[in-house]
Amino acid sequence: MSDFDRVRWHCRRGLLELDIILTRFLESGYPRLSEAQRTVFSGLLEYADNDLWDFVSGRNSSADAAEEEVLNLLRET
Amino acid sequence: MSLPTRKFDAVVVGAGGAGMRAALQLSEAGLKVAVLSKVFPTRSHTVAAQGGIGASLGNMGEDNWLWHMYDTIKGSDYLGDQDAIEFLCRMAPQAVYDLEHYGMPFDRNEDGTVYQRPFGGHSSNFGERPVQRSVCAADRTGHAMLHTLYQRNVRANTVFFVEWMALDLIRDASGQVLGVTAMEMETGETWIFQARATLFATGGAGRIYAASTNAFINTGDGLGMAARAGIPLEDMEFWQFHPTGVAGAGVLITEGVRGEGGYLLNKDGERFMERYAPNMKDLASRDVVARAMATEIKEGRGCGKDADYILLKLDHIGVDKIEKKLPGIREIAKKFANVDPVKDPIPVVPTCHYQMGGIPTNYHGEVVVPGNGKDNNVVPGFYAAGEVACASVHGANRLGTNSLTDLLVFGKASGDSVIRYLKENPGHKDLPADAADYTMSRLSRLDSQTGGENVFEVGAAMRRTMQAHCGVFRFPDLLTDGVKKIREISERAARTEIKDKSKTFNTARIEALELDNLIEVARSTMICADARQESRGAHDRADYPKRDDVTWLKHTLWYKDSDRLEYKAVNLKPLTAESFEPKVRSY
Ligand SMILES: Cc1cc2nc3c(=O)[nH]c(=O)nc-3n(C[C@H](O)[C@H](O)[C@H](O)COP(=O)(O)OP(=O)(O)OC[C@H]3O[C@@H](n4cnc5c(N)ncnc54)[C@H](O)[C@@H]3O)c2cc1C
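Here the protein sequences line up with chains L and B, keeping their order. Position in the first sequence counted from 1, then plus 3, gives you my numbering. Position in the second sequence counted from 1, then plus 2, gives you my numbering.
Treat the hints loosely; a few may be bogus.
FRET-style restraints, in silico, Cβ to Cβ [to be verified]:
# : chain 1 : residue 1 : chain 2 : residue 2 : range
1 : B       : Glu102    : L       : Asp54     : 22 to 30 Å
2 : B       : Glu493    : L       : Asp54     : 42 to 50 Å
3 : B       : Tyr104    : L       : Asp54     : 16 to 24 Å
4 : L       : Glu72     : B       : Glu568    : 57 to 65 Å
5 : B       : Arg587    : L       : Thr26     : 47 to 55 Å
6 : L       : Gly61     : B       : Glu272    : 30 to 38 Å
7 : B       : Asp439    : L       : Gly61     : 49 to 57 Å
8 : L       : Glu72     : B       : Ala279    : 43 to 51 Å
No wet-lab data here; the hints were simulated from the structure. Predicted, not measured: the structure shown is a model, and the values here were computed from it. Even for Gly, the Cβ is constructed at its ideal location relative to N, Cα and C.
Could you build all of it, start to finish, from the sequences and the hints given here?
So this is what it looks like as structure tokens:
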């Protein structure tokens, strides 16, 4: 089974802003993530769209250090 | 070939606002209901709606449904059906109270009543002055609505099939709808969902355009499924465009930017809106600005190496004011246009936003088709609500906040219709032996195709063609050429090939199947737009700049079968109110 395809589908969102950022990230940042970071990334995808966008656009930050680390990569995307 | 089958009283395809409102009505009536969704319900596109829900609660000052009705009919440029519009506006307050009762966290006034904000096109006393009619939950109305409806559905035992993609409608020889075929993304398996009633709430298809504010999931699956099953699509030439989507990305730049003093420039650095709207300039209404931008681009005064966008300048507003009055804009411009608007202008284009047309329904949410000398015959067992449906309440142009109202009112109404129908028609009808054959032949065609077309390339060609030939402002030569091109692209879409044949979460297969739906929407749009020789609402033709009520006060119906067109009368007779006769639309 391809985990990447599952993650890729979970990057399909209700907000276009996220569709675009997450698609870009799948191509650029995701391949370079460690296994642990990939798990964190999958966890981030469970957030509601608006909460995730607040994180990614920098309006909000996560209290979890591991999440912040991956979010910082997303913010640069 | 027979497939594994699940049986339900009702199957709802789509878990956005419309689908979940309908499902709730059904589950709370004790029916066995399945809701299918490509994505987790609260990730449906409804989540993007910020503006609010239009309803004449009158919490901020006098208001009533008749004024809302007038605004909606005028906004529709008189193409809306007045029975359905009366129903929408009369039911809207109750739809909001229901949602409040379910626990929706609406913004409130100090006296505890639900707060209402103003929105373009909504007025009191038949256009006299603006009225505050839109209820909201901060800038997260759609989000709050989805979460509220989801929780309530879980409580009512609605069965959700998440990450399931419906593929085709099942109809028997008499035309009755008996369910859908659907694929589970996780396993790649195809099932039959047999249902006594089938309700489509699959949302819009804004992804047919290169420039779209819609999320990637808005691929018009319900429209494709209906068209393939012989159901016509209504008024597909009408698409609402927002003037300022970021070029190349589609993400919306709020009208507030121009409100705060931002303005548009062509490649010569000219503030061209002064020519098109000497008084209102960049603050003229959406369609006027979008049309001016399209004209500048068409006449070669667009910016960039392909002369295909316009610049939105706001650096003169100043950093402080941009940060304070337009929060989030800098982030969006940096992320999606790669410019810092404090220094450089943002490249923008008129961007596809909302589909007014769809599967033809009456105001009960029943799908209706012409036949036997009548315009509107009910298709037994088939219902539609939300952006996929055309009731028609938005006619040629939708008013802001009326879509969410539509989801709630027609979600509930279609649910009630299903309940009535199931009472009168107990038991499941037998499935025809070939119920899944069509789907299976489509899937095996896709899996066995060799030397075929690349899905992404065909999709890109479709989006470019729609944008260039059937955009906000429509030119006869481009339309004629566009019809030819989109038919060629349709033929290519019938020969798509995927390299990855795996079963599990095969996104290549899913995207190929989505393209099958998008292409039907694109072709119907181009054909209907080419045929309608007038300008009305969102359909603007350079060669026929005026509305023509003598010839064109009618709905278009497009059939996939040889791109056949039929027309049907607009219902100008409300349920109880006096008819609103077509008048010149001016604001
Ligand atoms: C940026 C933006 C802002 C907006 N703001 C407002 C606003 O403030 N007020 C307003 O009134 N309107 C607004 N609109 C319009 C409004 O949001 C939409 O028209 C509305 O949300 C559509 O809801 P829906 O329930 O019809 O479909 P959606 O919410 O799009 O849901 C469609 C559902 O169908 C499912 N689906 C689709 N195809 C399949 C398939 N083949 N198999 C299984 N499931 C499928 C999806 O998974 C999803 O669950 C806005 C639109 C945009 C783009």
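For each hint, the structure was consulted:
With their beta carbons about 23 Å apart, B:Glu102 and L:Asp54 fall inside the hinted range of 22 to 30 Å. Checked against the hint of 42 to 50 Å, the C-beta distance between B:Glu493 and L:Asp54 comes to roughly 44 Å, which is consistent with it. In this structure the supplied range 16 to 24 Å holds for B:Tyr104 paired with L:Asp54, their Cβ-Cβ distance being about 21 Å. L:Glu72 and B:Glu568 have their C-beta atoms about 59 Å apart, which keeps the hinted 57 to 65 Å range intact.
The beta-carbon spacing between B:Arg587 and L:Thr26, approximately 40 Å, falls outside the hinted interval of 47 to 55 Å. For the pair L:Gly61 and B:Glu272, the beta carbons lie near 35 Å from each other, so the given range of 30 to 38 Å is met. The beta-carbon spacing between B:Asp439 and L:Gly61, approximately 52 Å, falls within the hinted interval of 49 to 57 Å. The supplied range of 43 to 51 Å is met by L:Glu72 and B:Ala279, whose beta-carbon atoms lie about 50 Å from each other.
Of the numbered hints listed earlier, the single one contradicted by the structure is hint 5.
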